[in-house]
Each structure stands twice: as structure tokens, then as C-alpha cells.
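Protein chains in written order, with my numbering: chain P, 1 to 102; chain Z, 103 to 260.
Across the chosen pairs, the derived CB separations fall in these ranges: (1) Asp148/Z <-> Leu21/P: 45 to 51 Å; (2) Glu99/P <-> Gly117/Z: 29 to 35 Å; (3) Lys26/P <-> Asp148/Z: 46 to 52 Å; (4) Arg31/P <-> Asp118/Z: 44 to 50 Å; (5) Pro107/Z <-> Arg31/P: 37 to 43 Å; (6) Val147/Z <-> Glu3/P: 26 to 32 Å; (7) Ser39/P <-> Arg257/Z: 51 to 57 Å; (8) Arg136/Z <-> Gly98/P: 21 to 27 Å; (9) Glu74/P <-> Pro107/Z: 40 to 46 Å.
Keep in mind the hints are simulated off the structure, nothing from the lab.
Here the structure is a predicted model, which is why all the values come from computation and not from measurement.
Cβ atoms here follow ideal geometry from the backbone N, Cα and C, with glycine treated the same way.
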Amino acid sequence: MSEAATLYRALPAEERQEFRLPKLLKEHLGRAAAQSGQSVTEYITTVLAERVTQDLAASTEWVLSVDEQAALLELLASAPEPSARAQAVAERAKALFGEPSP
Amino acid sequence: MPLAPTHKVGAFSSGDAEIDRFLHDQAVVEQTLRLSQVYVTVNAVDEVCAYFTLSPLTVRVEPSLLTRLGVGAVPYPSIGGFLLGRLGVATHLQGRGIGEALVMRAAQIAKREAAFVGGVFLAVDPKDDRLMGWYARQDFVALGARTRRMVLLLRAVP
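Chain P with its partners taken away, still in its complex shape (with noise of 0.2 Å):
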């Protein structure tokens, strides 16, 4: 089992998810599982955990309007110096939890 399928089956099973599927899928579905040796809820819980992780893991994208692209575009554009604050706020995380690791 996989470290994802692991760390999920570990949780509480607290919720109850309903969905419809093929009368073929789901006869497939009690194939598959009873011959990995899970009960049906085991197995979905097992896929679908590998599979969420991998596409979550995946879709780093954050999804900006034109607008916001064109924002960001235009702020890449200029050239920031760190600030008086900046350098303050730096000194003051530096006196709290030290240097930043290497």
C-alpha cells in the first residue's frame, strides 16, 4: 500500500461519499478488491488516496484573471529594494528564531 493510501486509512473514516456507477464498474469494482483482499470501502479508499495525492501534488497552479496576470507582469517589471521595514522585520525574525537554515 502506498504511503498515501497509509496515512488516509490511518484517519477516522468520518464521512460517507454516495455516487452512481455502471452496473459493470461496480461487479469489476468487487472483482478487484476481493482479489486484493479488501472489502470495497479498503479498496476506493486505497485508489482514490494514491490518485488525490498525485493530482493535488500536481496542480500547482494558481489561477489568475488577465487582469491579475498583467499586474504581476507590471510588478516584475519595476525593480523592489527591500525596505527600511523589510530590513527591520529581517533583524526582528532573525532575534527570534535565529538564522534562516542554510
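Once you have looked at the hints, place chain Z on chain P.
Structure of chain Z alone, referenced to chain P:
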């Protein structure tokens, strides 16, 4: 420091139920699955006093926009950055500038990571106008007048 299994998260209370629930119930799983990195500060007995999450992100840029700006054709135009997803400070430590210092540390970590994996900004998605004003005071800039999305350029991070 990154969240570790030895850190105690159960007593953490920031006054924001969503921020608290994430740390109590989800942070370890999300970090283990590498969906986000959770950084914490702890007291002498390893209880979490404050935390934030960082994850990489990309912004896809409309090719027509680049053409308008005279940049020309780029096959897969996108800009890399980092998202400061969640940030919480225990109620008894609030009002001491720890949140500001945590944002700075998040930005410094993002800048350090950017040197290896690329990335030019740290993004936040404040959930209300009060928080938006707070991030504006940390030098974040809103991406327009009708959005709460804000970024801090890593070039501006000491």
C-alpha cells in the same frame, strides 16, 4: 523549523478555527504527502507556538498578454513562485510582531528555495480586507483593485 512528529500541536489555539484545525488534523498528513511544507516555532517543551505553510506554485500567463507587452511568443509561458497558504500565531503571543517576523521568515525560505527551483514571488490570498491591509503593511502588493490576491517580490526580501 519544519514540523516534526515530536512537535505537540494539540494545544495550539490561534483564535481562528480553520487555522487551528489544519494544524491539529491535517498538517502532518499534508507535509508527509509533500502537498505543502509546514514550518513551526515551538516553546521549550516542543509545543507549537506559531506556524506557516509554503508550497510551490506557477502562474500561467496568457500568450496574448505577452504579445501585447512585446515579449513575443513563448511556448509555455508561466511564472514560478510560492504560496504562503496558512499562518497562525497562538493567541497568547499575538500583538508582539511575531506574525510579521514569520512572514519575513517565510519569504526568506521562499527566496532560498527559489535559488534552487526557480521562483520570483511569494503569494498570499487573504480571506478578508483586514488581513489584506495587514499584508499590505508587509510590502505585499495587490494584483489589481478588484482582487485580494497579493504578491511580494522575492527581490525585495533581505
